[in-house]
Each structure stands twice: as structure tokens, then as C-alpha cells.
Amino acid sequence: MGSLLNPIQRWVWRDPVRRGHRLLRFAEVEADGGRDLARAAELTADPKLRRLYLRHAQDEQRHAEIFRRRGTELLRAHRQEGEPAWQPDWLAPGERGLDDVSVEAGGDGPLLAFLHLSEAAAARGFVTYREAVGDDRETRIVFATILKDEEFHMTYTRHELARVSPRKQGWLLWKARFGRLWKGYLRLAVAIAGVMGAVILTLQYFILLPPFAWGAKRAAKRETEGWRSVAPKSGDLKAQY
Amino acid sequence: MKILGLSAFYHDSAAALLIDGLPVAAVQEERLSRRKNDATFPLAAVEYCLDEAGLEPDDLDAIVFYERPMLKFERVLTTALRTFPRSWRSFPHAMKNMLGEKAWVRGVISSRLGVSGRKILFTEHHQSHAAAAFLTMPTDRAAILTADGVGEWATLTVGTGERGPGGTSINIDREIRFPHSLGMLYSTFTAYLGFAVNEGEYKVMGLASYGEPNMADQVRRLIPRTADGAFRLDLDYFEFHSSAKRSFSDRFVQLFGPPRNRYEPIDLATAEGKRFADCAASVQLVLEDILVDLTRDLHERTRLPDLCLGGGVALNGVANARILRESGFERLFVPPAPGDAGCALGAALFADRIHFGNPDRDFPDHPFWGPVPDDQALARIAGEDRFPVETIEDERLIEETVADLSSGRIVGWMEGRCEFGPRALGHRSLLAAPHDSATRDRLNRDIKYREEFRPFAPIVPAEDAETYFELPPGGCRLARFMSGVFPVRPEWRDRLAAITHVDGTARLQTIERGFAPRLYDLLKAYGRASGIPVLLNTSFNLAGEPIVCTAQEGYSTFRRSGVDLLIVGNTRVRKRARAAAAAAQAEELV
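Chains A and B supply the protein sequences, listed in that same order.
Sequential numbering of the first sequence, starting at 1, is according to my numbering.
Sequential numbering of the second sequence, starting at 1, is according to my numbering.
Here chain B stands alone, though its shape is the one from the complex:
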């Protein structure tokens, strides 16, 4: 059976193709269109998925959209009615927004792909999250919690999942509904702190480490707990439900002070900068406390050892680590794409296993479902630009890359299929030595052009992780897709300065050889040379751009930034020496 899953129209549109219950391809539209967080109909992603399998749209048995558009429309309209007359400004905007493509999804899919409307199915938003979180993970029975800004009505759901020869079931039994939302709380602070909503949330998490949670009580006033252990938002402090312009109210500003101007850099040496960091720390703490409470309760109710976490909130690695330590669950699974992009895969899986009742299949435990880079193309274009380019065997490549990393060079590393999800997990990474904080500063200044307070992540072989990081039981698994933040052991912090955050933690990734063999071998070889098999691993992109996908994009990023060498498969390109570069540039522009 051939099932295509789609997510689109809000943020991070994506397509995923299942054939006989197993994924063949999955990719976010932004990786192909090169527009970050591209939310348009994912036509390029669909074309890639179909090409990968050699299919035409007519060959598909079903196309599954990741949410129910009319239910969402009902929520938008009801919210406007409930906030009448305050919503008069946002109402035209919301209606024009909904009545464009978003309300007519069946027709849009049908006309774009040329398929019959009867083949088009719809899952609920949080069903898609739950399926992506549970059905892609190596567990047969698990509790499930999904949390994000909002889907149709639900903002947080809990339930259980079960799979096996007897069939697959996902039973969501409780939910919290809009406007009461952990995701909206965090996004409101993201906006207040001057970052882009749906993109800057991880900056809030990074900034939180620099602050003290001394405003946690004020944050708790925004989100009082209900008698049944859930929560509600005090809507006097918010405007996201009644305004298209601002998500926080004047009362919110009275409580926390003036919002940050998004153009002003955060200077942590000033009282103003400290206040913003304290705000971030406070909302982070409150979010963690609530999630720990909810997951503890879920564990008590289900008594299951495994928890699968889905939705955008599951990208919060600090909260995930606390859930693992404090909730009572033995293992915590977060998929590589827990956000809306991952819903494309979740929707397809839900339809396959539950709607069509197809038998359960073991899901490959990796995120590599995107396009492969063409190293021949790199050799050609770098040669045309007279850059030193070589094609070399694995053993020598690894040996020389270790030497380059040890000399402080920054390496663009591309191999195999690109990752599905927001993180570079070893196939589209920038790698660097993790020892010196100057490397971190250079990456921030010359390559990533980003705020100083944001940390870089380490990558380490799974069997070596405990030597350098304090991992709770289950921590190694959580770190497989970089989903947890854990302390760096104090005795190694000085030697791992580039990846140790200000609070002594790191968002590490652990890898086994089968996950990414060449990268694993590189880490081991680097360990033999330096004594520490750890590298700094950050996504291969520049500020405002999606992670690179093709060799041409890797090359373009290499040319426009301070990356010293680019490796695509077995092809390597180096930057020219400075004098030669200047002469060549003058010559090439004539």
C-alpha cells in the first residue's frame, strides 16, 4: 500500500511516503525550496518522494493531510466570536487567512496532484503527532503525550499506544483545549523577548541558562493550575486569541516590563539584558514544572515504562531531560521531527496502521529520508572555480579530517540522505574541535552569525557518552536525536569549552556505528588523536537559511562563510590560501 502524508499551510510543510508500512522518503519543503520554515503546499517535497519511489500520483492509495481543516476553521471562528468585540481587528485577517487555501485542502491537494478527492484523508493534528511519536519508536507499549501551540482545538493530549501482531492502537483519552496552551505560553514569551515565533523558541531556552528564575511566581500567575492537575491560561495577560498583532497584553507588560526591541542585541552585562534572561529562565522553569507534573500523573495512571513525546514542545531538550529524571518513566522517546513537519509521517503512519489496519512493521531507527548530495557535482563546480578539490578514500579522508579538526579548522560535512526534522544529526553538519571557546566564538561570528548566548552541541559515540556527560538511565537513548540537555562532567568542562553551555550543560547527540558509520569512525579517530572522542556538531546552514541539502548548497555556504573545508561523500574542497584567493577573485571577476 502506498500512502503519502502531507503537512502544510502553517509552518514547516513536508511530505512523507510510506510503501507497505515503511518509509521510502520524507523531506521538509524548506530543504528543497530554500525558504526557511516554508509553509506553502509541499509540491517539491511530494515530487521528491514520488521520484524516489518511481511513482506517479495516481499510483498512490491514499494521501493523508495532517489535520482536519474544518475543525480548525471552527476553532478560529469560535475564538473570534468569544472575544467579540475585541477581535474586530483580527477577524478580517483571520478569515482571509483561513478562507484562502487553508479551508479547501481537499480541493487543493486534488488539483495540485491530479488525484481523486476520494483518496484524500484527514487525521487530527494531535493524532498525527502521537503517531509520529509512537509508531516511529522502538517500543510496543507506551504512554503518549503531545503538546504544541494548537492543532484544531487540542493543545495537549495524553493517552497510550499499543502495537504488535494483534494490531495497532493509539488511544488519546484526555486533552487540554485552546486557548489554554503550553506552546502558546512559551511562544508568547518568545515574541516578548523579541524572537520570531515558531522559530526562536530554542533561543529562549538558550537564554534561560543565563538568568535566574526569579520571576517564576509572576509566570505562574499567567498559568494557574486547575483542580484536576491540568492548567489554564489567564487570558487577561494574553492577546494571541484576539489580536493578529501582539500575543501579550498590556497587563503582561505591566508584570514583566517593556518587551525587547527585536533589533537590539541582548547585552547580558546590563540590567535590561539580565531581566530578559531572567524572564526566559522563569518561563522555562514553569514549563518544566508543569510537564514534569503532567508526565508523573501519566506514569501513575498508565504504569508503563516508556513515554513517547510529540509536538513542538518536545523540542525543549532541557524539559525533556527533567521529564526523564523526574517523571518515573524509564525511557523517553522523542522522534527526530516532533514538530509539524513530522506530522506528515505521523499522518501517513496513522492511516496505514489504524485506518487501513495494516500490520505493524519495525520502523528504521534513523532520520535519514531526504535527498543524497552529488559529490561529482561538487568536484565539478569547485574545479571550475579553481578550488583545491580531491576525491579520496575513507581511511585517508578520516585521518586528514582529524588533522584538520585538530588544527582548529571548521569542516562542512555532508553524506548520505539528509535528515528529516529540524536538527543536523550527522549528515548535514558543521564539525569542529570542541575544546576551545574561541572555536565557538568563531562559529558564531564568521559562520552562523548568531547570538553569543546560544550554545553548540556535541556529538559522541554512545559507548563513550557517560565518560564526559552525566546521563540518567535512558539518557543515551534520548540523546540519539539530540533531544535532551545533560550536564557535562565537571572535570571535562574546561576541555570541552566550545560545547559546554554557561550552566555546564550540553545538548548532546550520541551515535552508534550503524547510525552514521563514517562519522562514527571520524569520532573514534579524533578520540585516538586528541584523547576525547567528542566533536562540536552544528547544523550546516547560515543564519536565516534552511540546512543545506545538495552539494551545490553546501558549496555556496562554504564560499559565503568561514567554513575551512567541505566534504561531500569522498570529495573534499579546501579554501584557498588568502593571497591566492585574492588573486583568483580579482581574476575571476574580470
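Here chain A stands alone, though its shape is the one from the complex:
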């Protein structure tokens, strides 16, 4: 699937302004991921995991800084007002990809399984992006640097999963895979429902609203500017309006 998208990725990453914005988006996702891992460290009762999560959180924070610096450099070098018209965020908005981490629920086993899969997906993504940026040496170095850390993250999450859930590790990994797929489906469904809702509401806007809009505009003209007197309130708090 990933290789099928390679030509699209190359096209997406070709434009330096879009590249800059994507790196800045990655920076935000990495910073969010760092906060999630810090939260995991605060909640776990396992001292070793706490230390590893904290180290991981600091790595993510550092990655955020690396992405932000390079993204800003690219945008500064190719000044352009505003953001590019089309941002292909849905392709992979950073390493959390199709999923959101749920730190509070489930405990360490499911979280480690989730993190392992996320890191693996991120590593695959970053390899693709590293190739897609072509002759942009600095951005290639950024991805190469971060990939080294991703390898460590993949390794430790797998080892620790085997340690904390020796009997259920396979099941937890499958469950995490299904969880990612399910959430991916939910996102897609929500996106489609959102588009459908927007179309229906837009149609209603143009078909049903014009007479009301005419009335509302006329009423607005009659409104005075400045202070409005407020009638004494009854103190009844039952109504929502």
C-alpha cells in the first residue's frame, strides 16, 4: 500500500512550501505525542516503563524541535503568504497516523502494543518521506536522524510488551492492529458524514434561509448601536433560552 503511494508522496513533497508546512505539522504531532508519553509516565506503576516513557517523551520533544526548525527554514527560504491551498494531511499526519493514543485506558500492555505499531508505521513513513524529498539534503538528514530514534522506540516497546504481558503479547498486538483499523474506519466514516452534512446544510442555507435572512437583515437595521438597557431578570433559571 505504502509503495503504491510513493509517486503521490514524491509529488506532495516536491513543493518546498508544502514541505515546510508538512514538517511544521509533523512538529505539532510529535509534540502532542511527547505529551501523551509524559502522561503515560505519570500514570504507570512500573518504574522501568516510567523511565522509558520519559526518555521517549523527551525524544518526541526533540523531534518536534528538529521538524519545526527545518520547516521554518524552508518557509523562510521560500517566502509565500498564507498556507498552500491543499494540504494532504490525511495521507499521514505524523506518526500517530490513523490513530489516537488513549493513555488513560487499558494499562501498559495495550499502550505498548499501540506504541510499537505506531512507531513502526512512523518509521515506514519517514523512510518514504526521506526518499520523496529528493535532493533536499537537509530534510533527508532530518528524517535520517529521527529514524534512528524510531528504531530504539520500536525495539523497546516490543521488548517491554514481552516483559509486561508475556502471554498476551501476540493478542495485544493484533488487538492494537484491529483498533487502528477500526479507528481509521471511524475517521473515514466521520469525514464522509461531515462532507454529507456540509452538503445538506449548504443546500438548506441557499434554499431555506434567504427569506429569513432578508427578515434578519431588516431587523438588524432597526437595532440601535451602543448600550442596550437590560430589563430586570426574574431569576428563573429553568429555561435554556
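Hint data in this document are derived by calculation from the structure and do not stem from the laboratory.
Be aware that a few hints might be false.
Heads up, simulated DSBU-like pairs for lysine-lysine below, C-alpha to C-alpha not over 30 Å straight-line [as the list claims (entries may be wrong)]:
#1 A/Lys217 x B/Lys36
#2 B/Lys119 x A/Lys238
#3 B/Lys245 x A/Lys183
#4 B/Lys119 x A/Lys217
#5 B/Lys36 x B/Lys245
#6 B/Lys36 x B/Lys102
#7 A/Lys168 x A/Lys183
#8 A/Lys183 x A/Lys148
#9 A/Lys148 x A/Lys48
#10 A/Lys48 x B/Lys36
#11 A/Lys148 x A/Lys168
#12 A/Lys233 x A/Lys217
#13 B/Lys119 x A/Lys221
#14 B/Lys245 x A/Lys238
#15 A/Lys48 x B/Lys448
#16 B/Lys36 x B/Lys448
#17 B/Lys448 x A/Lys148
#18 A/Lys183 x B/Lys102
#19 A/Lys183 x B/Lys36
#20 B/Lys96 x B/Lys119
#21 A/Lys217 x A/Lys48
#22 A/Lys175 x A/Lys148
#23 B/Lys524 x B/Lys36
#24 B/Lys2 x A/Lys233
Facing chain A, according to a computed beta carbon distance under 10 Å, are these residues of chain B, among others [stated by the list, open to error]:
#25 Leu77
#26 Pro92
#27 Glu101
#28 Val105
#29 Phe122
#30 Tyr210
#31 Arg232
#32 Tyr449
#33 Arg450
#34 Gln552
Quantities reported herein were computed from a predicted structural model and do not represent experimental measurements.
No residue lacks a Cβ here, since even glycine has one placed at the ideal position from N, Cα and C.
Chain B: place on chain A using the hints.
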């Protein structure tokens, strides 16, 4: 009577519990969920409040939501109609947004808490602000002004409040309505300057000190005054009412130049950076001028000595200080949580005193209504990670902390219940020596990871404040919850370089011993050692995170930043020496 107040769904959701007219617990959801400005239904905050009192939802007599959802829906729909057809893009977004949870609040509360819908009440948004501003403050009669972006329709209200044995009343007699809004004006500039709306407004205030208000006339074109002394927004310059994407229009950009790219750091040495600072200074000046005018008029009308200020605009400490100096009011009260989170408490108070007519009670004059950190937990986790951890008596703790602060160390200080409101007022603070600007730079670089132009606040015993700061009459009271910005006396600016802003001011907090006894003792001891009983006090959090609440969160922040030592109650943890730290880290990750 047991009354739960709630605010939710826009920004800073919170819950507050009153029992027999007095607060038992109040906390913002973000402190428990760890998502900054969390606006979701505050279930964790509700659970905390109920647990603190040992109650079940069924035990509550009333649950009060801080605004009237259907009135808000009416405003959103009417605004879309008035801006037809320009609002065609924002209309689907606004409707989907409103018709999710926001329009069905009674049902949401009822199903989440498992209580009857009959127990659920609704105050108006600005009634909640007014109650939070007046009923939590030590005054029996006061003028009240509330101002924010927008509630249902009102954006700014004025009135009076009265309380005593004869009952409590809050009479809001005049208001200015959406889209004409001081809060929206300031937020539009916040967005224009590349900061997050509802969060970055204080950055605009900090940046303003670096600029000249040489664009004030242009800003005044955006907000002409009306004949009756109020104001209106010239909507040709704004798009917040018709667009979900941008709050300022092309005409606004023609007037002020291109907006700042939010990813570009502000370089004040460049013309572009200076222009942004000038913009910030100009909108700040215009905001202050209007607020001073409005409060002067309110003082003339009411002839009352006290003014209570509520709403998000009341977080503007520079404007507050000018109001105190120039409006004619003798005392200005700003609660510790004047924004929407504080409305949870305000709504509960309004229902208790006015709807149910319960007798007035003296409200405790502090903001500490949240969870207590567990110092035993800190001792355990720091011990597991082989950090030097000690539990020591108050006297020695204070003596040694003074020595640490004097050596330039940065201290994470957690004690007692966490603050309700956006500011760390001594229970969840980072403390440092205030003398050297290098400390400020280190805090910005290694801990807070934030812009260089943002100042740090000082904390000082109330009786010593006038020695170091130029406080007008009533200034000490305004500084109780860090709500005013005042000049540092020129002769002390060099020795208070870390907390003196570029314009020679500081947003200080004054404390009395009863407010936070150990912190007060620390300040006094630091004063004896250094000659100046002032410390730098900033919120204990990292960029993008809420202020820490539990010991575990304090520890996590301590580990991920350049904080040198962490004190939770009487337990202290220090950073390991560099070589030992490297060896320990290598060992612990095997």
C-alpha cells in the same frame, strides 16, 4: 444545600461545588485530563468535586450550567442569517458545531451524571461572570463590569451588586451585544499576530511593551465610539462573524499589513517584528482607553467605591492597573478565575444566593480549591528512579531552599490544594531568584520553551510590596491574585532584572502569611538572606501543558525540563549530578 456549577464546551471547562453557600471544591478539567484548555464535558472535575465532599450525583440539589444554550444557538443562527450569503462557508461548520452536544446541554448533563433534568438550571453567561466577580470578593456593595468575547448575546455588561442580611442582588442594567466586542477585537489581533485565540492574548499584552502605539488611530477606526459612550466594531474589518477560517478581513490586512506567520519567531530587531509589537501596543492602548472610559462612566453613575471586574478581558493586568488608577474607584476586585472556568463557580453562587435566596456567606479569599499532591508518591517514584530524595521539616526545608535559590537554582514548588484559575498563585509554582536576567533567559530556554518577549512575575509579601513596586491605593489588593501590572521602582530594577519587563513593570503577586504560610516564610527567609524578599514566580508547567496538579505530574515535568529541584509538601527531590545522571540513565534503560 448542595449545588454543582459547570462550564463546558467552549474553552476551559470546569466544575465547582457549593455546600450551604460555601465552596468545597473547584477545578478545571484540564488539570485532571492534562489537555490544555480542555473544553469537553468536565466529568473528571465533577467526580473530583463530588468525591471531595463524599457525595453522589443524586445528593445534589441543583446542577447549574453557566450559560443558556438555546440563546447562544439563536445568536449563532441570527448571525449567519444577517451575514447571508457571505456566511455560506461557515454556516455548515457552525450548525454542526452547535447541534452536536452544545444545544442539548440538559440531556448531556442528565445522562452523564444520571440526574433528573428538573435539577438542571441555567444562568446567563454574563450573570455567571458577574456572580464570580462579585460574590467571591470581600465587598458588600460594588459596581460590576464583565467583558469577554461573547456569551449568548452580551459581550460587555455593567451593573451593581449588593449583599447582606437583607439578601443578595445582582442588577445588570446595560449591555453591549455581539458582534460589538472588546474581547473579539483583542482576539482578532491575537490571531493576526499569529498566536492561538483564547490562549495567546497574554502574549499580545507582553509583546505590547516592546512597541509604540503608533497605530492606535488605525485601531480606533476599527472600533468607533457611539454617541452614548459605548463602542461598535466596524465589521468591514472583521470576519469572525461570517467566517470559520479567519477573524480579520482583507481590509484589516490593508490597514495593518500582512499577518504574522505563526511559525516565524518574532524578531524585534527587524522592522517586521517591530511592526507586530507596534500593533500589539496600539490595540492594548485602545482597549485600555475604552475600559477606562467605561469604568469612569460607571463610577459616575453608581458613586460606589468598589468595582468588580469579570470575564476574560479582566485577565489584562495592564488595563486593570489603569482602571484602578484612572476610573475613580477606590478598590478593584478581579477574581482568580475571571474567565469561563470561573463561571462554574459563578453559576453555582448565582443559583444559591439569588435563585434559591439562600443567605449570604463570607467567601474564603483564596483560590485553592483543587486536589492536594501526594508527597509520599513523590518519595516513592523518585526513590525508584534513584534520585536523591529527602523528607525534611519546614524550618530546614525553607533554610535550604533559600540557599538553593540564592545559588541560582530553579525550584518546582507544590503544596496544598491546586489553584482554581489560570494562574499559579503559590501552590503550583516554579520559583527562582529574581535578580539576574540570565535566570529569565534560562527559564525561557530550558524550562518554559517560550518567546523571549514574555515577562516573568514576582511574588512579594504584601507589607514589603511598596518598597519595590509603585502601587497606587488599592494596588496591593489587585495584586493578590496577580491581576495588575505595576511599575518596579527604578532604584530596584537592576536588582530585580529577571522580573522587570522591558517597560519597567511587573505583574506582581502580593501575599499575606495566611494565604500561603510556607511560601510566605520562604519569601521572608529569602529576604533576610538576600536583602530582597521577592522571588520570581511562574506557573509550574511546560509549553503546551496545563499547570501540574499531582506529584507525579510535578515529577514528570521536573524530569523533562531544567528544573533543579522539586519540593512537594515536605519531600524534596534533587537532580543528580551530570556524570551520575548519565551513568544512571544508561543503566536504567538496559
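- prompt: Which hints, by number, does the structure contradict?
  reply: Numbers 1, 4, 13, 14, 21, 23, 27, 30 and 33, in rising order.
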